[in-house]
Amino acid sequence: MNRSAFVIALTLSLGWLTSAAQAESSLARTIRGVQPRIVKIFGAGGLRGLESYQSGFVISPEGHILTVWSYVLDSSVITIVANDGRRFTAELVGADPELEVAVLKVDADDLPFFNLDESVELTSGQRVLTFSNLYGIATGDEPASVLHGYITAITDLQGRRSAAEVRYKGPVYVVDAMTNNPGAAGGALTDQQGQIAGVLGKEIRNSSNNVWLNYSIPIRELQNSVEDILSGRFRPRSRDENQNRPKQPVTLAQLGLILLPDVLPKTPPFVERVAPESPAETAGLQPNDLVMFVERRLISSQRDLREELTFIDRDDPVRLTLLRGDELIEVTLNE
Amino acid sequence: MRTFACFTICLAATFSGTFASLDAAPPQEVLDAENARIAAVEKATRSAVCVFAGAAGGGSGVLISKDGYAVTNYHVADPAGSFMKCSLSDGQLYDAVIVGIDPVGDVALIKLQGRDDFPAAEIGDSDQVEVGDWCFAIGNPFLLATDMQPTVTWGMVSGVGRYQYPSGTLIEYTDCIQTDASINPGNSGGPLFNRDGQVIGINGRISIEKRGRVNVGVGYAISMNQVMNFLGYLKSGRVVDHATLGATVSTDSEGEVIVTNILDTSDAYRRGLRYGDELVSFGSKPVTTVNGFKNALGIYPRGWRVPVGFFRGGERHDIIVRLAGVHSREELLAKIQKSVAPPSPDGSQPEDHHEEETKPVSDELKKLFQARSGYANYHFNLEQRERTWQAWKRGDDSSADVWKVAGQLADGDAAQIELSPQKVTASVAGRDSTIEIEGDLTSKLEPVGSGGLLLALHAWQRLQLQGPEKFGEVSYLGTAPLDSIDERFDVLVGLYDAIETRFYFAPQTGDLVAMEMFPEADSDPCELRFQEYDDFEGVRLPTKIIIRRGDQIYNILHGLKWTLSSSEPKDAA
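Respectively, the protein sequence lines represent chains A and B.
Per the working numbering, the first sequence starts with residue 1, numbered consecutively.
Per the working numbering, the second sequence starts with residue 336, numbered consecutively.
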């Protein structure tokens, strides 16, 4: 099996070389065709080595943008700069905590886009291109950076979890080029014809041997999730305001959840203490847990969390998704 | 053999339709492509220079002329000092001497010694480089070339027209080429080639942040066109400076690049650029963003005249602007002193090895270096000044110092001028004017409106008679354009009685084609263009002189007939 993968690689690279002069111009043409679909994303960060930018690409004629879920999006204003230099304020449509992907939307219907239904699957040894705004090099109407490489392996990240900080457990394309740099996450992995194949993942460093992994998540692993986000699951706060609220909703005090002091417009809902003999203690919540989701709705601030709880009756169970260290934990309180 | 068998079988299986007749040998096109690549790398490798500077480290460079001129980074050459050792892929070690430096652009020119047939690189046009082009770097990463053999790394152009903010106090990369070819410490100063083996850039900087000082797929090369713009300046042996427009720009809400501030002492202001104008082109490039403007500006040296296009009220204006320096001379020298150890590619500060080590330098080599404030190596300034002067004089020698000329003005009126070392008199369009060459000359700017025609003609005659050694203080500036940015001239700058003059010589003929005289700072010079040379009593003199000031032609003297005589009787000598 290994050998045949090698052979396929050889034949493909021969094909690449064959049309010498034409190959050059068609490669430049392919790249020019992809770049207008790539966007630069600017949001939260900028402190202590946390970059305030990442990459993304357009996936619908209505201006939907696929990127990775990260602290960059945890901002009251997310700015998108298109390839032609136009700036947009993006709305967070939704995010999937397991796969760590998010969908944004901008008010533009003329951006070139990738159709995820037409994504390609790659094999080891195949030549690829990656497009991202790594290091935030491009600003304004400057195009994203292009790196080239080969798929060196298709493997599950799961086996690596003990060594690296990552929540995604599925298969990834491992690339031999330095694709996963600061700001590259959310960029596009394509084949040599510029067809979309994957999303560049966040930076991963193996803490035991200090090696950085260069990888992309295949589109097919994300597609259902993206469709879920687009169809309204994993939505953040944009719920129907007319939806009936219970007369007596559940409260943080009733659950025994004491959060950090709410001092910022978007204070993250970190648990400071858990009241003794409370539903929170029974469910095993701990100080420093971060509340990410309530009933699969994305929570980005303490205000979000309080608002979300007003939709849940005090006698009903409350399903929370918590971030503890690098682990996502699902708990149900008030069962 | 088993692998090979598997290879053909698989090919046959995969492409049985198209490749049914395929035998063991790869297709001819593949072999051709491979051979072309090997040839390009081989050709390019010969021009690659590995720079060794002892304890100060080293880096890379590239030969650009047969007589040994090589380009490297300022941040490689500066710690190395005035002399360094360089190896080529022929396995030989050569002595090299510093020539000129551009600390802002991070470029240095050095000269290898000992041959007149060095394998120079072919220069490519870096404006033609596109994202997706294949490219390769050659150099001395991690100073591996102790066996004299440079390292080749292959990659792709990831971005063009990149702007990288100043690192430390000085070094700014404008309009640079971004590549994923592996650029590592030690590659600094080395060439980036296109797939045909033409040099398109000088590698100098990499992005790294938290992964340590190694390549992470992002390297930057200074565009070769920028290097070639500065080459003439670098050959002058000076510490050369970059340019400023004298105006700042920013992007407005509609994405237009607008002038937000302009110095009223700048040439741009005198040529008509104003606050609120929309800048649309600069030099050879369209301007659409602020970074784009910085890119377009950064590739030109101080003092060049470049075309600028702008819109005001829906109407396009095109002007040619003389660019001022970013720094005063003292500022630039002070900043170099401060950045004793210039940042390495990753921006970290290397250890300070700046003190000249006691390296054995031969007497012959020592003759090629002359220290002087404002210069990296004054020796090369004298050399270029002499070359330019000799190309013009061609051994002409006349002791006649009273030059009388008669001719016509543009409107046909008669003109008469007499030049002598003590006095200039002119009768132009029925008006007589005279200046005595004594006292404060800067106020003697007759005739009114000419910007000092008589004084300019005097300075011109003085250079012809005295030569650069006795004229005053004359230095070689470098090469600069006059009316078209694509045509460059050798320029000598003369300082005489606080008056700055510039003399432009055509490189092909050696002829003195233009001069500019700046009697005062921040004002337009008096410009003379010398045309249609003829021989008068053994001296080549122009029969046509165009006199300009600012945007105006003051007048044109033509049909000039010169009469030469000596103020002292010859037999008195």
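Calculated from the structure, these hints are not laboratory results.
It is possible that part of the hints are untrue.
[To be verified] Sample of chain A residues at the chain B side, in silico, Cβ under 10 Å:
{"id": "1", "residue": "V93"}
{"id": "2", "residue": "P97"}
{"id": "3", "residue": "H148"}
[Unchecked claim] Straight-line Cα separation of at most 20 Å, SDA-like style, residue types lysine to any residue; simulated pairs:
{"id": "4", "chain 1": "B", "residue 1": "K378", "chain 2": "B", "residue 2": "S400"}
{"id": "5", "chain 1": "B", "residue 1": "K728", "chain 2": "B", "residue 2": "G845"}
{"id": "6", "chain 1": "B", "residue 1": "K545", "chain 2": "A", "residue 2": "A177"}
{"id": "7", "chain 1": "B", "residue 1": "K629", "chain 2": "A", "residue 2": "G136"}
{"id": "8", "chain 1": "B", "residue 1": "K629", "chain 2": "A", "residue 2": "V211"}
{"id": "9", "chain 1": "B", "residue 1": "K758", "chain 2": "B", "residue 2": "K545"}
{"id": "10", "chain 1": "B", "residue 1": "K545", "chain 2": "A", "residue 2": "S208"}
{"id": "11", "chain 1": "B", "residue 1": "K545", "chain 2": "A", "residue 2": "D84"}
{"id": "12", "chain 1": "B", "residue 1": "K739", "chain 2": "B", "residue 2": "G845"}
{"id": "13", "chain 1": "B", "residue 1": "K702", "chain 2": "B", "residue 2": "Q448"}
{"id": "14", "chain 1": "B", "residue 1": "K545", "chain 2": "A", "residue 2": "V211"}
{"id": "15", "chain 1": "B", "residue 1": "K728", "chain 2": "B", "residue 2": "D746"}
{"id": "16", "chain 1": "B", "residue 1": "K805", "chain 2": "B", "residue 2": "Q757"}
{"id": "17", "chain 1": "B", "residue 1": "K545", "chain 2": "A", "residue 2": "G140"}
{"id": "18", "chain 1": "B", "residue 1": "K629", "chain 2": "A", "residue 2": "D84"}
Note that the Cβ used here is the ideal one computed from N, Cα and C, for glycine as well.
Hints and how they fare:
Annotation: interface hint on V93/A violated; nearest CB of chain B at approximately 27 Å, more than 10 Å. Violation of the interface hint for P97/A is found here, the shortest Cβ-Cβ separation to chain B being roughly 26 Å, above the 10 Å cut-off. Annotation: interface hint on H148/A holds; nearest CB of chain B at approximately 5 Å, less than 10 Å. At roughly 14 Å between alpha-carbon atoms, K378/B and S400/B fall within 20 Å of each other, so this suggested pair holds.
Taking the CA atoms of K728/B and G845/B, the gap is about 8 Å. The hint holds against a cut of 20 Å. A C-alpha spacing of about 17 Å is found between K545/B and A177/A, which places the hinted pair at or below 20 Å, so the restraint holds. With a C-alpha separation of about 17 Å, the suggested pair K629/B and G136/A falls inside the 20 Å cut-off, and the hint holds. Using a Cα cut-off of 20 Å, the hinted pair K629/B and V211/A is violated, with the two alpha carbons roughly 37 Å apart.
At most 20 Å may separate the alpha-carbon atoms for a hinted pair to count; K758/B and K545/B exceed this at roughly 70 Å. A threshold of 20 Å between alpha carbons decides the hint, and for K545/B with S208/A the separation of about 16 Å falls inside it, so the pair holds. Between K545/B and D84/A, the direct Cα distance comes to roughly 31 Å. Violation of the 20 Å bound is thereby established for this hinted pair. Between K739/B and G845/B the alpha-carbon distance is near 24 Å, which puts this suggested pair outside the 20 Å criterion.
Of the supplied pair hints, the one linking K702/B and Q448/B holds, its CA atoms being roughly 12 Å apart against a limit of 20 Å. Between the alpha carbons of K545/B and V211/A the distance comes to roughly 12 Å, so the proposed pair stays at or under 20 Å and holds. Using a Cα cut-off of 20 Å, the hinted pair K728/B and D746/B is violated, with the two alpha carbons roughly 33 Å apart. For a cut-off of 20 Å, the pair hint linking K805/B to Q757/B stands: about 16 Å separates their Cα positions.
Restraint check for K545/B and G140/A: the C-alpha separation of about 26 Å exceeds 20 Å, so the hint is violated. Taking the CA atoms of K629/B and D84/A, the gap is near 19 Å; set against the 20 Å cutoff, the hint holds.
Against the hints set out earlier in the document, violations occur for numbers 1, 2, 8, 9, 11, 12, 15 and 17.
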